[in-house]
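Colleague: Sequence:
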Amino acid sequence: MAVPPQVLAIDLGTSGMKAALVAADGTITGWADRPVPLHVLPGGGAEQDPHAWWDALGEVVADLGRAFPEHLRAVTTICSSTQGEGTIAVDASGEPLTRCISWLDMRGAEHLRRQFGGFPSYDGMSVLKIARWLRLTGGMPSPTGKDPAAHMLLVRDTMPEIYARTAAFLNVLDWINLKLTGRIVATVDSILTSWVTDNRDPAAIRYSPALVSASGIDRDKFPPIVACTEVVGDLSPQAADHLGLPTSVRVVAGAIDNTAAAIGAGTVRDGDAHLYLGTSSWIAAHVPAKKTDALTGIAAVPCAVPGRYLMTALQATAGANLTWLRDKIVEYDDPLVAAGHVSRDENRIFDAFDTIIPTVPPGADGVLYMPWLYGERVPVDNPHLRAGFLNISLHTCRSDLLRAVFEGVALNTRWMAGPVGRFLGAPLSTIVITGGAARSRSWCQIFADVLDIEVRRDAAPVAVNARGAGWIGAVGTGQLSFADIPGLARNDEVFTPGPQRAAYDQIFDTYAYAYRRLAPLYKRLNGR
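When we follow full-length UniProt numbering, the leftmost residue of the sequence shown carries the number 1, and every step to the right adds one.
There's no promise every hint is true.
[Said to hold, decoys possible] With a straight-line cut-off of 16 Å between C-alpha atoms, the simulated EDC-like cross-links for lysine to aspartate or glutamate are:
#	residue 1	residue 2
1	K179	D91
2	K221	D91
3	K523	D123
[What the hints assert, rightly or not] Distance windows between CB atoms, simulated:
#	residue 1	residue 2	range
4	D241	L480	28 to 34 Å
5	A514	G124	23 to 29 Å
6	E110	A514	29 to 35 Å
7	A483	D327	41 to 47 Å
Rather than coming from a laboratory, the hints here were simulated on the basis of the structure.
Note that the coordinates shown come from a computational prediction; the quantities given were computed from them, not determined experimentally.
Quick reminder that beta carbons are idealized off the backbone N, C-alpha and C, glycines included.
Start from the sequences, fold in the hints, and give me the full structure.
Modeller: Printed below as a string of C-alpha cells:
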C-alpha cells in the first residue's frame, strides 16, 4: 500500500528535540529524540543554544529516514510544537546573537519592575498598566521575569550592544520557523507573552500601539503575526539540505506546546478539557470568548482554532516531582543502579511505580506531599512555595512517600480544578489525560479518585504534542479540518472514581489548610 502524505512533526521541549511522522488521521510512524542541555546560570539564569536544537533536529530526522525511508519520502509538510516563553535575539541575517533565554530564566524580573512600576502597584508593577494588559491581552507579564517581556528588557539593559544589533526578538517556535523557511514571523500564541498584542478579536490578533510603546522595546524588533495554521513558506534550500528533504515541502507555522497539546488530545470542541501531565502540568479547554480570572491566574488566550481561545490553568511542577524522587531519593547513590540492576528506561520505571502504588492505601499512611518544587502558578501565583512532605513518622516507608507524591500532584490539580470549573461555567465531569506521565495507570486512577470525575487516557500520551503539530500541519495544508479531529482522537482506557474517592475529600481539606499555614513560612524562607 502507498504511504499516505506525512507531516514531519517537530516537538521541541526543554529536555530535548523530538520528531515524528504523522498522517492526517493521527497515525504516528516513527519517533526519534535527542537531549539538548539546559545551561543554568548564577542569578536565576537558564539558557539553551539554538544551534544545538538545529543540530539535534538534523539528527532525529536522519534517524527517521534510516528507520522509515518510505514515510520520510512521503513528507509534504513540516509543523512544529515547541516550548514557549523563550527569547532569542537575531540579527538582520537571522543569526542568533545570544543563546535562547529560557522560560525558566528569572534575571529580567528587576528590569520588568523598573519598566512597569508606578503607584499604586501590585508585585512591583503599576495597577493601571496591569488593568490595560488584562483588558487587551487577557494576561500580564509574570513578576518572576520568566517570559519574553522581561527577557527583552534584560537584553536591552544589560547587553546594549546586542540590543542595538537585534533585528527581531523571536520565541522558540519562531526561530525554528525562521531556520526552516528563512522568514521571520510569530504566531498568535508565540507572541502572547511579549504582552504587546490586542487579543480581543480572535480573528484579528494584532499589535497594540499603546502596549508596544509602553514595553520599552523598539516596534521594529517585533515580528509580523500569523495564524498557527498559516503556511509560512516552502523549505529553504539550506534547511532542505540539512534535513534531507525537498524544497517543495511546505512549512506550517505550528504552535506553542500547550496549544498543540489541546489539538493532539482531540479536545477541540468548546469546553472539552484535557489534563497534560508532563514535567509541568495544566488543564486546558477551548472557549468561545476572551476571559481572565485575575485572582486565580486563569486566562483564555489566542490559540490554533479559528475564532476560539484556549483556557489554560498551569501547575508549575507535576512529573518533575517523580523525576526528583527517582533521581535524588529512590535511586540516589544506589549501588543497584551502578550494578545495572535498576533500569532507567522510563517505561519500565512507570511499570515499577504501578507495582508499588496499589500496595499503599489512599492517604499514604498519613503522609501529605506538597509538589511545589518551583513555586506555583494556579490557583495562586506564588514563587516562594517549595515542595515538602508532612507527617513522616518512624513507620513511613519508601512506598508511602511514593504514593504521597502521586497524590500530592493530584490534590494540587483538584485545587486548580475548582477555579477551572467556575471559569468554564460548570464543574468538570470528564477529562482526557495525556502527556508522558499519563503512562502510569496508578496515577490515572488516583486522578479519577481525587478529582471525582471520569478520566480518559490518551492512547499515545507521549506523542500528544507531535500529534497536535501533525494535525495543525494537516489543517494548514487542507488535508482535514479541526472539526474532524475529535472523531480521530483515540483513548485506550477510562478510569472512574472508586470506593476510595470519599477519603480524598478530607485529605484535600487538609491540603488546602496546609497551604494557608505554610505560605507565610515559605515567604519568610524564600522571599529574598
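Colleague: So which of those numbered hints doesn't the model satisfy?
Modeller: As far as the earlier hints go, not one is violated by this structure.
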